[in-house]
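Chain by chain, the residues:
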Amino acid sequence: MSSLLFDEPGPRARRRIRIATVVGVLAALALAALAVRQFAANGQLAPERWQPYATWPMWRYLLDGLWSTALAAVVSAALSMALGLVLALGRLSERRWLRVPSAAYVEVVRVIPALLLVYVVLFALPKYGLDLPLFWKLVVPLTVSNAAAFAEIFRAGILSIERGQTEAGLAVGLSRGQTMRMIVLPQAARRVLPSIVSQSVGLLKDTSLGFVVSYGELLYSGKVLASYNGLVIQTYVVVALIYLGVNASLSKLARVLEQRSRAHA
Amino acid sequence: MSVLLDHLPVIWQGLVVTLQLTVASFLGAAVLGVLVTAMRVSPVGVLRALGTAYVEAFQNLPLLVLLVLAFFGLPEIGIKAEPLVTAIVVISIYEAAYIAEALRSGVNSVGKGQGEAARALGLTFRQSLWYVILPQALRTVVQPLGNIIIALTMNTLLAGAISVVDLTEEAKRINLVEAQPIPIFVGVGLIYALIASGVGFVTGRLERRLVMVR
Numbered sequence: 001m002s003s004l005l006f007d008e009p010g011p012r013a014r015r016r017i018r019i020a021t022v023v024g025v026l027a028a029l030a031l032a033a034l035a036v037r038q039f040a041a042n043g044q045l046a047p048e049r050w051q052p053y054a055t056w057p058m059w060r061y062l063l064d065g066l067w068s069t070a071l072a073a074v075v076s077a078a079l080s081m082a083l084g085l086v087l088a089l090g091r092l093s094e095r096r097w098l099r100v101p102s103a104a105y106v107e108v109v110r111v112i113p114a115l116l117l118v119y120v121v122l123f124a125l126p127k128y129g130l131d132l133p134l135f136w137k138l139v140v141p142l143t144v145s146n147a148a149a150f151a152e153i154f155r156a157g158i159l160s161i162e163r164g165q166t167e168a169g170l171a172v173g174l175s176r177g178q179t180m181r182m183i184v185l186p187q188a189a190r191r192v193l194p195s196i197v198s199q200s201v202g203l204l205k206d207t208s209l210g211f212v213v214s215y216g217e218l219l220y221s222g223k224v225l226a227s228y229n230g231l232v233i234q235t236y237v238v239v240a241l242i243y244l245g246v247n248a249s250l251s252k253l254a255r256v257l258e259q260r261s262r263a264h265a
Numbered sequence: 001m002s003v004l005l006d007h008l009p010v011i012w013q014g015l016v017v018t019l020q021l022t023v024a025s026f027l028g029a030a031v032l033g034v035l036v037t038a039m040r041v042s043p044v045g046v047l048r049a050l051g052t053a054y055v056e057a058f059q060n061l062p063l064l065v066l067l068v069l070a071f072f073g074l075p076e077i078g079i080k081a082e083p084l085v086t087a088i089v090v091i092s093i094y095e096a097a098y099i100a101e102a103l104r105s106g107v108n109s110v111g112k113g114q115g116e117a118a119r120a121l122g123l124t125f126r127q128s129l130w131y132v133i134l135p136q137a138l139r140t141v142v143q144p145l146g147n148i149i150i151a152l153t154m155n156t157l158l159a160g161a162i163s164v165v166d167l168t169e170e171a172k173r174i175n176l177v178e179a180q181p182i183p184i185f186v187g188v189g190l191i192y193a194l195i196a197s198g199v200g201f202v203t204g205r206l207e208r209r210l211v212m213v214r
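Protein sequences, first through last, are from chains A and B.
Numbering of the first sequence is given in UniProt numbering, commencing with residue 1 and proceeding in unit increments.
Numbering of the second sequence is given in UniProt numbering, commencing with residue 1 and proceeding in unit increments.
Hint data in this document are derived by calculation from the structure and do not stem from the laboratory.
The model shown is predicted, which means the values in this text are computed figures rather than measured ones.
Warning: the hint list may mix true and false statements.
Said to hold, decoys possible - Ranges of calculated distance between the beta carbons of each label pair, as one might list FRET restraints:
(1) A/181 x B/45: 48 to 58 Å
(2) B/136 x A/13: 22 to 32 Å
(3) A/100 x B/209: 23 to 33 Å
(4) A/156 x B/204: 16 to 26 Å
(5) A/96 x B/136: 54 to 64 Å
(6) A/128 x B/209: 42 to 52 Å
(7) B/126 x A/177: 22 to 32 Å
(8) B/45 x A/224: 20 to 30 Å
(9) A/60 x B/6: 42 to 52 Å
(10) A/162 x B/80: 51 to 61 Å
(11) B/209 x A/214: 21 to 31 Å
(12) A/57 x B/204: 48 to 58 Å
To be verified - Straight line, CA to CA, 27 Å or less: simulated DSSO-like cross-link-like pairs of lysine-lysine:
(13) A/127 x B/172
(14) A/223 x A/205
(15) A/252 x B/80
(16) A/223 x B/112
(17) A/205 x A/252
(18) B/112 x A/205
Every residue gets a Cβ at the ideal spot worked out from N, C-alpha and C, and that includes glycine.
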């Protein structure tokens with residue numbers, strides 16, 4: 001096994017690698033032991049403090065939260081992809097009056113924190129008579145901010161398609177719109193699929209802002225549960241593990257898609 | 001916008017906290033990120049696995065979950081700290097995963113001949129990483145690092161959820177008194193936009209200066 005930074009190890013290097021392996025394992029074990037000791041010393045390892053998470057009602061409550069998270073993420077992803085596609089096409093358009101506002105939207109939203117958008121929807125809009133339901137108070141700001149990210153992904157995908165494809169489409173008599181719809185977009189969509197999946201992981205992580213708007217998604221459900229049963233650290237650890245499981249599977253999917261598309265190319 | 005000027009001292013205080021969060025977290029994340037990158041490219045399999053697990057874990061956990069877990073959970077196992085310190089440590093740990101990922105792609109972009117030449121000269125793993133590979137890798141990731149700093153600035157707002165009073169929290173408080181959400185939040189948004197474009201400008205200049213023609 002050799003790579004950029006090292007060759008096939010000789011006898012001395014192999015000995016050094018063995019030593020580093022032992023040190024690495026010991027350091028990891030020491031960290032884990034320290035964590036366990038802290039838990040144990042404060043009585044947080046007691047079986048009755050973890051037992052509840054082996055029972056169905058607790059899980060049903062958290063899975064309800066996960067369902068709300070998924071719902072918010074899917075709705076927001078669909079809306080922001082649609083808006084993102086429109087913005088990407090607008091930014092690549094020949095017409096100035098489409099190009100300038102699309103570019104402005106993307107550039108402005110990119111530098112505005114998503115939480116600030118949540119606060120605008122939460123505090124500012126009701127003052128002007130627009131009091132959205134809780135679900136939309138989370139989904140609208142997430143859509144507004146993620147649309148800019150999706151727009152950039154789509155734009156990069158469209159630009160990565162060779163010029164000859166467009167030229168060929170126009171040469172056989174398709175209109176500009178037809179060329180985009182029938183020739184360029186299908187190829188671009190395949191190319192940006194991995195980026196779309198990893199951006200969706202980011203969006204799913206962003207739905208945890210539901211904690212701020214009191215929308216009953218996974219993290220907020222965890223908060224409610226923890227204040228009800230008093231098992232604070234246990235609840236949040238379980239919530240974190242659920243997020244980790246879901247997002248790691250999605251990230252894995254993105255990597256598989258990327259490898260597959262590279263194998264085809 | 002005049003409503004913000006009326007509260008200038010408070011806004012300034014909040015801005016200082018936001019800048020503290022940004023700068024301190026970035027420094028922490030940079031150190032940790034370089035360490036994790038070194039682990040991920042090392043010849044020791046266990047270290048590589050640990051580094052990969054670190055990046056994988058923290059890229060897939062929402063920052064807000066980590067902040068809430070650290071702020072409400074850690075005192076339960078006897079670890080107590082100021083909210084500001086908790087926020088800085090958690091944001092550092094979280095962003096280090098992103099920095100490590102960017103640095104690794106930078107390391108992979110350095111030509112194979114560079115590593116071979118370094119070893120042919122008799123440099124050790126540490127020396128070739130530190131003197132040959134990393135300086136070249138860093139140049140190629142200036143732009144991605146700039147984007148990470150901007151994302152980090154946007155993420156410092158989440159510290160407000162664990163009772164750190166940053167720029168946005170100050171804005172929320174002013175809004176409670178003044179009830180003029182649009183000018184207040186637009187004004188604060190402009191400040192964040194300014195910080196982000198400042199970072200973008202600096203990294204753009206840096207990249208042009210550091211770029212290597214191959």
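Evaluation of the provided hints:
no., hint, in the structure
1, A/181 x B/45: 48 to 58 Å, "holds, 49 Å"
2, B/136 x A/13: 22 to 32 Å, "holds, 24 Å"
3, A/100 x B/209: 23 to 33 Å, "holds, 31 Å"
4, A/156 x B/204: 16 to 26 Å, "holds, 18 Å"
5, A/96 x B/136: 54 to 64 Å, "violated, 41 Å"
6, A/128 x B/209: 42 to 52 Å, "holds, 47 Å"
7, B/126 x A/177: 22 to 32 Å, "violated, 58 Å"
8, B/45 x A/224: 20 to 30 Å, "violated, 43 Å"
9, A/60 x B/6: 42 to 52 Å, "holds, 50 Å"
10, A/162 x B/80: 51 to 61 Å, "holds, 59 Å"
11, B/209 x A/214: 21 to 31 Å, "violated, 48 Å"
12, A/57 x B/204: 48 to 58 Å, "holds, 54 Å"
13, A/127 x B/172, "holds, 15 Å"
14, A/223 x A/205, "holds, 16 Å"
15, A/252 x B/80, "violated, 35 Å"
16, A/223 x B/112, "violated, 50 Å"
17, A/205 x A/252, "holds, 16 Å"
18, B/112 x A/205, "violated, 36 Å"
Hint violations for this structure: numbers 5, 7, 8, 11, 15, 16 and 18, all remaining hints satisfied.
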